[in-house]
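From first to last, the protein sequence lines stand for chains D and F. Numbering of the first sequence is given in the working numbering, commencing with residue 1 and proceeding in unit increments. Numbering of the second sequence is given in the working numbering, commencing with residue 1 and proceeding in unit increments.
Mixed in with the good hints there might be a few duds.
If chains are identical, the list can't say which one is meant, so a pair holds when it fits in one copy or spans any two.
Here are the simulated lysine-lysine pairs, DSS-like style, with alpha carbons at most 25 Å apart [to be verified]:
#: 1; residue 1: K170; residue 2: K196
#: 2; residue 1: K114; residue 2: K192
#: 3; residue 1: K192; residue 2: K170
#: 4; residue 1: K114; residue 2: K196
Hints are computed from structural coordinates only; laboratory data are not their basis.
There are 2 protein chains.
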Amino acid sequence: MAAMKGLTAVLSLAYLVALSLTVHGQQSQADGPRYANGTSLVRPTNYREWTFIGSGLGLTYEAETASPTAAPTFTNTFVNPSSYRAFMQTGTWPNGTVFVLELRRSQTEAAPNKGGRFQTDLLVLEAEVKDARFPDGWAFFNFGRGTALSDVTPPLSGEAVASCVECHTKHAAVERTFVQFYPTLLEVARQKRTLKPGF
Amino acid sequence: MAAMKGLTAVLSLAYLVALSLTVHGQQSQADGPRYANGTSLVRPTNYREWTFIGSGLGLTYEAETASPTAAPTFTNTFVNPSSYRAFMQTGTWPNGTVFVLELRRSQTEAAPNKGGRFQTDLLVLEAEVKDARFPDGWAFFNFGRGTALSDVTPPLSGEAVASCVECHTKHAAVERTFVQFYPTLLEVARQKRTLKPGF
Numbered sequence: 001m002a003a004m005k006g007l008t009a010v011l012s013l014a015y016l017v018a019l020s021l022t023v024h025g026q027q028s029q030a031d032g033p034r035y036a037n038g039t040s041l042v043r044p045t046n047y048r049e050w051t052f053i054g055s056g057l058g059l060t061y062e063a064e065t066a067s068p069t070a071a072p073t074f075t076n077t078f079v080n081p082s083s084y085r086a087f088m089q090t091g092t093w094p095n096g097t098v099f100v101l102e103l104r105r106s107q108t109e110a111a112p113n114k115g116g117r118f119q120t121d122l123l124v125l126e127a128e129v130k131d132a133r134f135p136d137g138w139a140f141f142n143f144g145r146g147t148a149l150s151d152v153t154p155p156l157s158g159e160a161v162a163s164c165v166e167c168h169t170k171h172a173a174v175e176r177t178f179v180q181f182y183p184t185l186l187e188v189a190r191q192k193r194t195l196k197p198g199f
Numbered sequence: 001m002a003a004m005k006g007l008t009a010v011l012s013l014a015y016l017v018a019l020s021l022t023v024h025g026q027q028s029q030a031d032g033p034r035y036a037n038g039t040s041l042v043r044p045t046n047y048r049e050w051t052f053i054g055s056g057l058g059l060t061y062e063a064e065t066a067s068p069t070a071a072p073t074f075t076n077t078f079v080n081p082s083s084y085r086a087f088m089q090t091g092t093w094p095n096g097t098v099f100v101l102e103l104r105r106s107q108t109e110a111a112p113n114k115g116g117r118f119q120t121d122l123l124v125l126e127a128e129v130k131d132a133r134f135p136d137g138w139a140f141f142n143f144g145r146g147t148a149l150s151d152v153t154p155p156l157s158g159e160a161v162a163s164c165v166e167c168h169t170k171h172a173a174v175e176r177t178f179v180q181f182y183p184t185l186l187e188v189a190r191q192k193r194t195l196k197p198g199f
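Bound-form chain D, shown alone (with noise of 0.2 Å):
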């Protein structure tokens, strides 16, 4: 009997030091990012495993404006699950939220498709970090072309960020993020009222 006590009481302390390191898991956000010489963003490999919050096509907010003939690029953002959990309950980012910006070459004859465009190759992976350290308290990376990706780069610094902070400044819908192009984040930013005056 005493015996039983015992394993009863192990398996549920086990159980409960279970559950914690699950729930620690969740809340110490390991999918946060990851930094080399203290402010330079590895480049998150897994995050097409992220949550996906918008496409969108030939966008023209982009620094590399498509000529008219050229074919229009795919953007699809990503941002870090448990920074997308928290914008889910609060309608604001986590410190630590990392959005990461695809741009892909888009294609339009394959079949069954008769028309319209699909995605193809990636041409260039950026990222915004959200990090109290930095002046803006936002960050912007460039990872450069998608065939020759840098696995580490420091955060875009002088003119090559200023119109970069300019326009999510003045244009973003929640913070430093274009939330009014993410119609599910829009729903709960009008829910919560985080959207800036205007949207």
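Starting from the structure of chain D, add chain F where the hints point.
Leaving out everything else, chain F in the frame of chain D:
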């Protein structure tokens, strides 16, 4: 000393339990299809946290072809994470794979956007499931309009599904799935040589 040994035993056991919970979570396909009444699919409410595999704009292989004057529709495809991971290892889909297809309205005017299109309201939600119990090994489901989604829906049958099966048989690059439109999957299918002849 006995207390120390006891604590070590508890912690070791806790670790094993935690490990088994994790492994179990990955292998039991907790993210697979949920049915009501045998074969009616329960709408996955968290598919936006599943793995995104690709977007298209204005693709016309959809049954509902947009008229030339209508705004083109975005299509987003998501797959349950455990099946995605299995595909990345093998280039094939395990039994219990669930594809979710979203059709979303596109819009073009919102600062700082000066062209191109981004995603807005959910129009239609559909699913495709690999399940050996169905005649073709795959079944197709339609949860209806975005403003009035069904919580549970039976597999499409008869004429409603004939065109799905025909097109997914004739034109899909891997099994019954249009991997030719999903760039990260296409690369893996090429490496694993699981593309059908002609792709």
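Each hint, compared with the structure:
no., hint, result
1, K170 with K196, "within (10 Å within a copy, 49 Å between copies)"
2, K114 with K192, "neither (42 Å within a copy, 28 Å between copies)"
3, K192 with K170, "within (21 Å within a copy, 47 Å between copies)"
4, K114 with K196, "between (41 Å within a copy, 20 Å between copies)"
When held up to the earlier numbered hints, the structure conflicts with hint 2 and nothing else.
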